[in-house]
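Model the full assembly from the supplied sequences, consistent with the hints where possible.
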Amino acid sequence: MWEMPTPPEDGLRVHAAALESVANGVVITNRDGLIEWVNPAFSRMTGYSLEEVVGRNPRILKSDVQDRDLYRDLWTTVLSGAVWRGDMVNRRKDGTLYCEEMTITPVRDERGEIVRFVAVKQDVTERKRLEDELRRLNATLEEQVSQRTAELHKTVGELEHFSYTITHDLRAPLRAMRGYAELALSSREEAKREEYLEKIATASGLMDRLIRDALDYSKALRGELPLEPVDADALLREVLHSYEAFQPPRLSVEIEGRLPEVVGNAAGLTQCFSNLLDNAAKFARPDGAPRVVVRAEAGDRIRLWFEDQGIGIPKDRQERIFELFHRLHSRADSTGIGLALVRKVVERMGGKVGVDSEEGRGSRFWLELPPAKRG
Amino acid sequence: MREGVILYVDDDENDAFFMSEALRQGGVGNLLEVVNSGEDAVTRLSDPALRVALLIADVNLVGMSGFEVLAWVRGQARLRELPVLLLSSSAFEKDQARAKDLGADGYIVKPNSVLELARVLRPVVARWLA
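If you read the protein sequences in the order shown, they are chains A and B.
Following this note's numbering, the numbering of the first sequence begins with 1 at its first residue and continues without gaps.
Following this note's numbering, the numbering of the second sequence begins with 1 at its first residue and continues without gaps.
In case anyone wonders, no lab produced these hints; they're calculated from the structure.
Possibly wrong hints are sitting among the right ones.
What the hints assert, rightly or not - Partial selection, computed: residues in chain B whose CB lies under 8 angstroms from chain A:
no., residue
1, F18
2, E21
3, V35
Backbone N, C-alpha and C define an ideal beta-carbon position, used for all residues, glycine too.
Written out as structure tokens, the structure reads:
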């Protein structure tokens, strides 16, 4: 049975009591590094009792996390008589790792020979964890900031493009109104004047449409779009019922089967449906009655198809058709906003939109949304 | 008066009408032929039988742009000397510089008035059609 070394002087009993009760782990070893004594804080930290470690090398705590250089540095330092300070990851008796901050002080005898080492340890696992967490959060934050900045740049670019083009596009009907007004004022022919007034009315209609579409688009960019289960079937039937433009003879719409419930926003979906139907009516082939078949394709997501037999879109133009102000046809009633709006709204609902088309044969537009889970 | 048609490329039918009015008011006797796409302009200009006195093209066209038509024209040996006027509804400096680089003979910002259009066209008519 090992006996606690007698302090060199009796007066040091107070010191011994202090070592016994401090919160830091204390280890005293002989010159060869074998443990002579540990305090209760050490046992709490490592799980080893005094009896278990006496006579053993502190190597029992070694975790293989640090490399050999650290131990070499430690021994070189303390054997030279200097104090070593450092952090170390060690292994508790139960196998778990912990991080400690340690100070090893060599103790000399009267002749100046190193006879013992005193190690004072503090468990800094929690502090390290918090530091790591903080570092990780910082990194995430920086990443988020740069991501947001990029998004912001993109939005600013989109806005610049938006204001440039809308100004440009609004000028065309304005020019028409002014031009025809001048001509009407200087014309002496009643029939001509009437024709010019007619043109002014048409141009003001286009201008109104442009402003309305632009407002819809900017609303789609920033308006609230809460997601909820939407009965796509009921919604589409309601749209068809409310707008004469989507009823025969202007457009005949056939819904195949029953469309399922999707997760989306009813107002947003209404905008998408009406824009797609509106296009089908507008870009019908001159020889055939405008007709659209709507059907759903179920999978992980619900894909709603809008198939027309209209004039179609050339393959090389299909990619750009959803771009803002990208017009495929120079029609007076085409603002180049409709499909951009559809894409923006669908994306904001977490979905996707696309087209599959053949020139002269018709277009198949689709939008994809998550299915509503049935409770 | 220089012979040949004035070929005008614009997909806005109102602007095409105003162009014909402005030219008429300016006393231009050349026939005005309007095409509404860059592709159609190229087709017309490829016809060796067509005598063109002046090409006026809108910059913003669906499909082939006015710039592209201009670049194509400058690449044709037969049409290298054809006067080309670009027209746009925006006074965007970059567009004006690009028109010049591509060898346009003029760049006009579409005015909001037919009378004004006739006025801006006056020097053009004097230079290229008189």
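Status of the hints after comparison with the structure:
With 8 angstroms as the threshold, the beta carbon of B/F18 comes within range of chain A, its nearest partner Cβ sitting at about 5 angstroms, so the hint holds. Of the supplied interface hints, the one on B/E21 holds, with its beta-carbon coming within about 7 angstroms of a beta-carbon of chain A, less than 8 angstroms. Because the closest C-beta pair between B/V35 and chain A is about 12 angstroms apart, greater than 8 angstroms, the hint is violated.
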